[in-house]
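Each position in the sequence shown, counted from 1, maps to that position plus 191 in the working numbering.
Hints were generated in silico from the structure; no laboratory data involved. Ideal Cβ positions, reconstructed from N, Cα and C, are used throughout, including at glycine.
List time: in silico SDA-like cross-link candidates among lysine to any residue, alpha-carbon distance up to 25 Å:
| hint | residue 1 | residue 2 |
| --- | --- | --- |
| 1 | K526 | E485 |
| 2 | K526 | E541 |
| 3 | K526 | E570 |
| 4 | K526 | L493 |
| 5 | K526 | E481 |
| 6 | K526 | A497 |
| 7 | K526 | S196 |
| 8 | K526 | H492 |
| 9 | K526 | R575 |
| 10 | K526 | L566 |
| 11 | K526 | E496 |
| 12 | K526 | G437 |
| 13 | K526 | H195 |
| 14 | K526 | R494 |
| 15 | K526 | S580 |
| 16 | K526 | A477 |
| 17 | K526 | E480 |
Label-pair ranges, simulated between beta-carbon atoms:
| hint | residue 1 | residue 2 | range |
| --- | --- | --- | --- |
| 18 | G369 | E314 | 17 to 27 Å |
| 19 | V264 | A295 | 16 to 26 Å |
| 20 | H423 | R472 | 15 to 25 Å |
| 21 | E371 | A193 | 44 to 54 Å |
| 22 | C244 | S445 | 44 to 54 Å |
| 23 | S196 | S411 | 30 to 40 Å |
| 24 | A477 | R430 | 18 to 28 Å |
| 25 | A193 | D293 | 23 to 33 Å |
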Amino acid sequence: MAWHSIIDEFGNVGSAVSHPTVVALEGLVGPFRDGSLATGDAGVALAHAYASCAGKACPSAVPLIESSWSRSVTSGAAPTSLYCGVTGVAWVTAHLNGLLFDLADEDVLDSVDLALLAFLSGESMPREYDLVSGLVGLGVYVLQRLPRPTAVTCLERIVDHLAMAAVYREEGAAWFTGPEALPERNRQLAPHGYYNMGVAHGVPGVVWLLAHAARAGVRSETASALADAAVHWILSQRRPLGGDGGLPSFVGPSGEAGEARPFAWCYGAPGVAGVLFAAARVFGHAEWEEAAVEMALSAVHLRPEATSVSEAGICHGAAGLGHVFNRLYQSTGEKVLADAARRWINRAVELLPSNTGAGFLEGRAGVALVMLAALEGTEPAWDRVLLLS
Numbered sequence: 192m193a194w195h196s197i198i199d200e201f202g203n204v205g206s207a208v209s210h211p212t213v214v215a216l217e218g219l220v221g222p223f224r225d226g227s228l229a230t231g232d233a234g235v236a237l238a239h240a241y242a243s244c245a246g247k248a249c250p251s252a253v254p255l256i257e258s259s260w261s262r263s264v265t266s267g268a269a270p271t272s273l274y275c276g277v278t279g280v281a282w283v284t285a286h287l288n289g290l291l292f293d294l295a296d297e298d299v300l301d302s303v304d305l306a307l308l309a310f311l312s313g314e315s316m317p318r319e320y321d322l323v324s325g326l327v328g329l330g331v332y333v334l335q336r337l338p339r340p341t342a343v344t345c346l347e348r349i350v351d352h353l354a355m356a357a358v359y360r361e362e363g364a365a366w367f368t369g370p371e372a373l374p375e376r377n378r379q380l381a382p383h384g385y386y387n388m389g390v391a392h393g394v395p396g397v398v399w400l401l402a403h404a405a406r407a408g409v410r411s412e413t414a415s416a417l418a419d420a421a422v423h424w425i426l427s428q429r430r431p432l433g434g435d436g437g438l439p440s441f442v443g444p445s446g447e448a449g450e451a452r453p454f455a456w457c458y459g460a461p462g463v464a465g466v467l468f469a470a471a472r473v474f475g476h477a478e479w480e481e482a483a484v485e486m487a488l489s490a491v492h493l494r495p496e497a498t499s500v501s502e503a504g505i506c507h508g509a510a511g512l513g514h515v516f517n518r519l520y521q522s523t524g525e526k527v528l529a530d531a532a533r534r535w536i537n538r539a540v541e542l543l544p545s546n547t548g549a550g551f552l553e554g555r556a557g558v559a560l561v562m563l564a565a566l567e568g569t570e571p572a573w574d575r576v577l578l579l580s
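Model the full assembly from the supplied sequences, consistent with the hints where possible.
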């Protein structure tokens with residue numbers, strides 16, 4: 192079914208909201224933390240752009256795009272991070288090209304393409320494979336640049352790297368993160384390393400990327416087989432259900448489950464269900480789709496007050512959960528998913544006054560985009576960076 196407003200159909204989000212630009216985008220004029228997609232100019236520009244396309248008075252998108260480039264380049268931000276580096280700025284620019292503006296030339300994007308190709312062609316394998324800082328994130332940008340030859344070659348290299356790094360276990364395929372690559376807190380929890388179960392840093396993101404590579408005809412046989420093995424591994428990690436979908440945050444090298452099960456877009460069953468569903472639709476894989484919906488439905492009745500969710504934003508906050516459930520509802524028509532979406536968006540509204548951050552991933556710009564998607568009848572193509580479409 193076509194994307195539609197869940198607010199018109201199911202009632203208002205809450206009396207505090209007349210439109211996302213009134214609440215979430217109010218005062219977001221900068222200066223921001225940096226030029227990045229996650230916390231800075233590029234992410235805020237994305238929110239302003241979608242609000243502008245919806246007919247709201249948000250004139251700041253283009254100046255913010257310009258600022259994001261200058262700040263990212265002058266700060267020396269790494270090109271190999273989608274969320275924190277130049278690649279994310281390039282993705283926002285490429286995504287909005289033709290939607291909000293028309294680039295006279297694409298030299299700046301071409302230069303990013305070539306830089307990524309050089310990085311992916313190096314002798315050493317990239318250390319990170321994840322969405323936020325690694326190969327999956329680079330793949331999100333490269334997919335936006337298809338069918339350009341450089342983008343095709345980059346995507347081939349990404350699939351090749353992922354294939355070489357895969358660890359085959361009895362349950363399927365996964366990607367291991369050694370202790371030397373973990374932040375200190377995670378190293379204390381998993382001193383011998385782990386297989387990450389989250390969307391932001393783990394195996395589910397790889398499945399999404401491989402699905403899109405296969406659909407694009409890039410290393411299709413390898414990508415399809417590897418994605419299938421990874422889905423089998425993910426589904427085998429589900430633990431006895433407790434209303435949260437049953438996924439741990441990580442699995443140790445011997446198969447032991449990690450810390451208490453999270454409940455968010457970045458970690459936990461809701462985010463994984465959304466990503467797995469998106470990959471299933473790309474492949475036309477009914478079994479995966481059924482598993483993803485079942486996983487989401489097993490978590491849909493967990494109410495905000497029964498969780499530790501205390502922030503409004505997308506990453507590990509209420510807005511991210513609201514958008515995952517909204518995206519799944521729009522694709523399945525399951526009304527309980529719409530109810531959950533409204534419930535979590537309501538919670539985001541309640542938490543918004545305490546959310547002082549501006550950015551896309553954890554701040555008000557991301558909340559604005561989620562609200563806009565709930566209020567308007569335009570499909571939120573921006574959520575490709577969340578691996579939900």
